[in-house]
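With chain A held as given, fit chain B onto it using these hints.
Chains as they are written, first to last, in this note's numbering: chain A, 1 to 131; chain B, 1 to 169.
There's no promise every hint is true.
[What the hints assert, rightly or not] In silico SDA-like links for lysine to any residue, alpha-carbon gap of 20 Å or less:
| # | chain 1 | residue 1 | chain 2 | residue 2 |
| --- | --- | --- | --- | --- |
| 1 | A | 106 | B | 132 |
| 2 | A | 106 | B | 48 |
| 3 | A | 80 | B | 61 |
| 4 | A | 106 | B | 72 |
| 5 | A | 106 | B | 148 |
| 6 | B | 132 | B | 48 |
Because the hints were derived from the structure by calculation, they are not lab data.
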Amino acid sequence: MNYNNYQELQILTFNIGGVNMAVDTTQIGRMLEIDEAVERNLKIERLDDRISFYDIAVIYSAPKVLMINDKMPFGVVIDKPDDIISVPIDSLRPLPALISDSKCPKAIWGVALMNDEVVLLIDFYKLQSAE
Amino acid sequence: MEIEKNKTDILIEELKKRRGGEKIVDVEEEQVKIVVFSLLNDNYAFYGNDIKEILPLTKIFYVPGAPDYILGIINVRGDIESVININKFFGFPDSKNTRKSRIAMAEKDGIRSGILVESIEDVFDVPVSSIKPPLSTLDKAIKEFVTGEMIYKNKNVTFLDVGRIFAKF
Numbered sequence: 001m002n003y004n005n006y007q008e009l010q011i012l013t014f015n016i017g018g019v020n021m022a023v024d025t026t027q028i029g030r031m032l033e034i035d036e037a038v039e040r041n042l043k044i045e046r047l048d049d050r051i052s053f054y055d056i057a058v059i060y061s062a063p064k065v066l067m068i069n070d071k072m073p074f075g076v077v078i079d080k081p082d083d084i085i086s087v088p089i090d091s092l093r094p095l096p097a098l099i100s101d102s103k104c105p106k107a108i109w110g111v112a113l114m115n116d117e118v119v120l121l122i123d124f125y126k127l128q129s130a131e
Numbered sequence: 001m002e003i004e005k006n007k008t009d010i011l012i013e014e015l016k017k018r019r020g021g022e023k024i025v026d027v028e029e030e031q032v033k034i035v036v037f038s039l040l041n042d043n044y045a046f047y048g049n050d051i052k053e054i055l056p057l058t059k060i061f062y063v064p065g066a067p068d069y070i071l072g073i074i075n076v077r078g079d080i081e082s083v084i085n086i087n088k089f090f091g092f093p094d095s096k097n098t099r100k101s102r103i104a105m106a107e108k109d110g111i112r113s114g115i116l117v118e119s120i121e122d123v124f125d126v127p128v129s130s131i132k133p134p135l136s137t138l139d140k141a142i143k144e145f146v147t148g149e150m151i152y153k154n155k156n157v158t159f160l161d162v163g164r165i166f167a168k169f
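Looking at chain A on its own, in the form it has when it is part of the complex:
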C-alpha cells in the first residue's frame, strides 16, 4: 500500500499538559481505566515519561490507559481522551526540520491542522525507542 491509498487518517485525540495530541486508532488495541490495568497487573507508563515535557508539571485529570496492538509490552497512560475523528491526509504536515532533525523523540511524527488548532501526532509504536 502506498501513500496514494490513504485519503484520511482516523485518530483518537487527547490532551496532556495542555498539549493536543492524537494517535492513529489502528495502533490502539483497547482503552482501559487505570484501576483495571493495575488489577490485571499490566505494565503501564505515562506518556510524559516517554516524551519529556522538561520542567512543565504534567497533571493527569482524566487518565486512561491505551493498550497498543500487541506490538508493545506496556500500556500508555494518556489524559482527557476526547474524540475519534477522521482527518484528511491533506491536513497533515511534517514537523519543521529544526525539530525533526533534533533529538526530539521520533514518536512525534507530524501535525494535524484542525481549524485553528494544531494537534501533534504520536506514533505509539515508536515510543519504545523514545527517551
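Okay, now just chain B, sitting in the frame of chain A:
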C-alpha cells in the same frame, strides 16, 4: 546666411561640452539589507536576505521533547514552522512578550524557522563597508554566531548569522 557666433556663445558651448564630458560618476557602494531587532536592551541584526517575513506574535504550540530553546510551532498560512527562543539559545534571561514582540521568519540553506525577538527596530540598507569585523571581546555565548558589528543610532549593532544558528540544531 550663417549667423556668426559670438564669443560667449562659443564659450558656453564649450563649457557645456566639458560639463557633459566631466559627468560625475556615482560609484555605487555595495549595499546590504539588514533587519535590526532588540534583545535585552541591546541591538542585533540579521541580514535581510535571510529574513523572509516578519510576523506578529501568534499562538505558539508547545512540542514536548523538542530542544528547550524551541518555543514550539506556529501555523503560517497552513505551513507549520518552528519558533526559536533566541534568548534561551544564547543562554540569556527570557524577555517578556509584549505587543512589540515579533517572529522573524528566517530561511537559510533550505532550513526555515521563526525566531522570536523583542521588537523589530528597523529594516534598511547599509553599505557593506560600514559593517566591521566583530570585536574579539564578544560574549563567548554568542561569539560563534556573530559576523560583524556596526553603529546604528549611536548604539552598537551585532550581526548574527542565521545559518550558524541553524547549524547548531
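(request) Would you pick out the hints that fail for this structure and give their numbers low to high? (result) 1, 2, 5
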